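Those sequence lines, one after another, are chains A and B. The opening position of the first sequence corresponds to residue 1 in my numbering, with each subsequent residue numbered one higher. The opening position of the second sequence corresponds to residue 1001 in my numbering, with each subsequent residue numbered one higher.
If you are wondering where the hints come from, they were derived from the structure by calculation, not from laboratory data. Wrong hints could be hidden among the right ones.
Stated by the list, open to error - The list that follows gives simulated cross-link-like pairs (lysine to aspartate or glutamate, DMTMM-like), each with its CA atoms no further than 25 Å apart: (1) B:LYS1097 x A:GLU56; (2) B:LYS1097 x A:GLU4; (3) A:LYS100 x B:ASP1044; (4) B:LYS1083 x B:ASP1010; (5) A:LYS100 x B:GLU1079; (6) B:LYS1100 x A:GLU8; (7) A:LYS53 x B:GLU1079; (8) B:LYS1100 x A:ASP32.
Said to hold, decoys possible - Heads up, incomplete: computed chain A residues facing chain B, CB under 8 Å, no partners named: (9) ILE24; (10) THR39; (11) LEU72.
Bear in mind the structure is a predicted one, so any value in this text is a computation, not a measurement. In this text, a Cβ means the ideal position worked out from N, Cα and C, and glycines have one as well.
There are 2 protein chains.
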Amino acid sequence: MKPEQILELDAVVHTPIRLAILSILTGVESADFTFLKKTINTTDGNLSTHLSKLEEAGYITITKSFKGKRPLTTCSISETGRKAFLLYINQLEQIIKMQKS
Amino acid sequence: MKPEQILELDAVVHTPIRLAILSILTGVESADFTFLKKTINTTDGNLSTHLSKLEEAGYITITKSFKGKRPLTTCSISETGRKAFLLYINQLEQIIKMQKS
DNA sequence: TATTATACTTTGTATTTCAAAGTTATTTGA
DNA sequence: TCAAATAACTTTGAAATACAAAGTATAATA
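Please work from the sequences and hints to get the whole structure.
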């Protein structure tokens, strides 16, 4: 067993809520704040800070606009984010494989 | 995609260092503090607190004895811990599978 | 037109993580 | 031989993280 591999896991991706966000965003063109909030079932504040964290890391892009006169926060995964997410998933696979053998 | 599954992941297991500890302990009868420290490559304090956390959760048992006149902290995974670890790995597998499809 | 709802962000707090320093005993080296 | 270094930890304090309560601004509803 190589525990180093576990410790190499990207901490930005690893957090459950952020993992869920990225996981959703890989499957769609974009998703808005409300959709993410409902789907992940978290609080506004919590989602807001996690989205900022992902944006700071360059893993997602956040676009602010208006739907009618209400704010609309639209998120989509970036190429960097997609790569980071896929790497993370691959590393998990490796870890699981080792675990099973 | 079902993000709920990600949020269901056992937080006690999820932390990289604790995941590494459990991962090591599943493969051996027991491991002592020094071995874990060297293998995981973490600081004494950090390892100590994570071991306590796992013990509190009932996932490992910690036995304190002496090797000669030096303290010896021996850790082994409990049945509860083994179940929690396997569940975690299975959940990860599910998540990855969904991700790939 | 007060009240509730929507769509967020900011702020404060509680928890978690981490490593520096502390403890106790044991070698080693001058 | 006694000071210094090492071993095997635990405790403590600081920093980061997570979380939700409260705040802001607008819109719909009753």
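Results for each hint:
Annotation: proposed proximity of LYS1097 (chain B) to GLU56 (chain A) is violated, straight-line Cα distance about 28 Å (limit 25 Å). Proposed proximity of LYS1097 (chain B) and GLU4 (chain A) is supported: the alpha carbons are some 24 Å apart, at most 25 Å. Pair hint LYS100 (chain A) plus ASP1044 (chain B) does not hold up; C-alpha atoms about 29 Å apart against a cutoff of 25 Å. Using a Cα cut-off of 25 Å, the hinted pair LYS1083 (chain B) and ASP1010 (chain B) holds, with the two alpha carbons roughly 11 Å apart.
Straight-line distance between C-alpha atoms of LYS100 (chain A) and GLU1079 (chain B) comes to about 17 Å, which keeps the hinted pair within the 25 Å bound. Proximity of LYS1100 (chain B) to GLU8 (chain A) is assessed by CA-CA distance (about 21 Å); at most 25 Å being required, the pair is judged to hold. Between LYS53 (chain A) and GLU1079 (chain B), the direct Cα distance comes to roughly 37 Å. Violation of the 25 Å bound is thereby established for this hinted pair. Our distance criterion of 25 Å between C-alpha atoms is met by LYS1100 (chain B) and ASP32 (chain A), whose separation comes to about 23 Å.
For ILE24 (chain A), the shortest C-beta to C-beta distance to chain B is roughly 6 Å, which falls under 8 Å, so the interface hint holds. Checking THR39 (chain A) against chain B: minimum C-beta separation of about 6 Å stays under 8 Å; hint holds. For LEU72 (chain A), the interface hint is violated, since its Cβ never comes within 8 Å of a Cβ in chain B; the closest pair sits about 21 Å apart.
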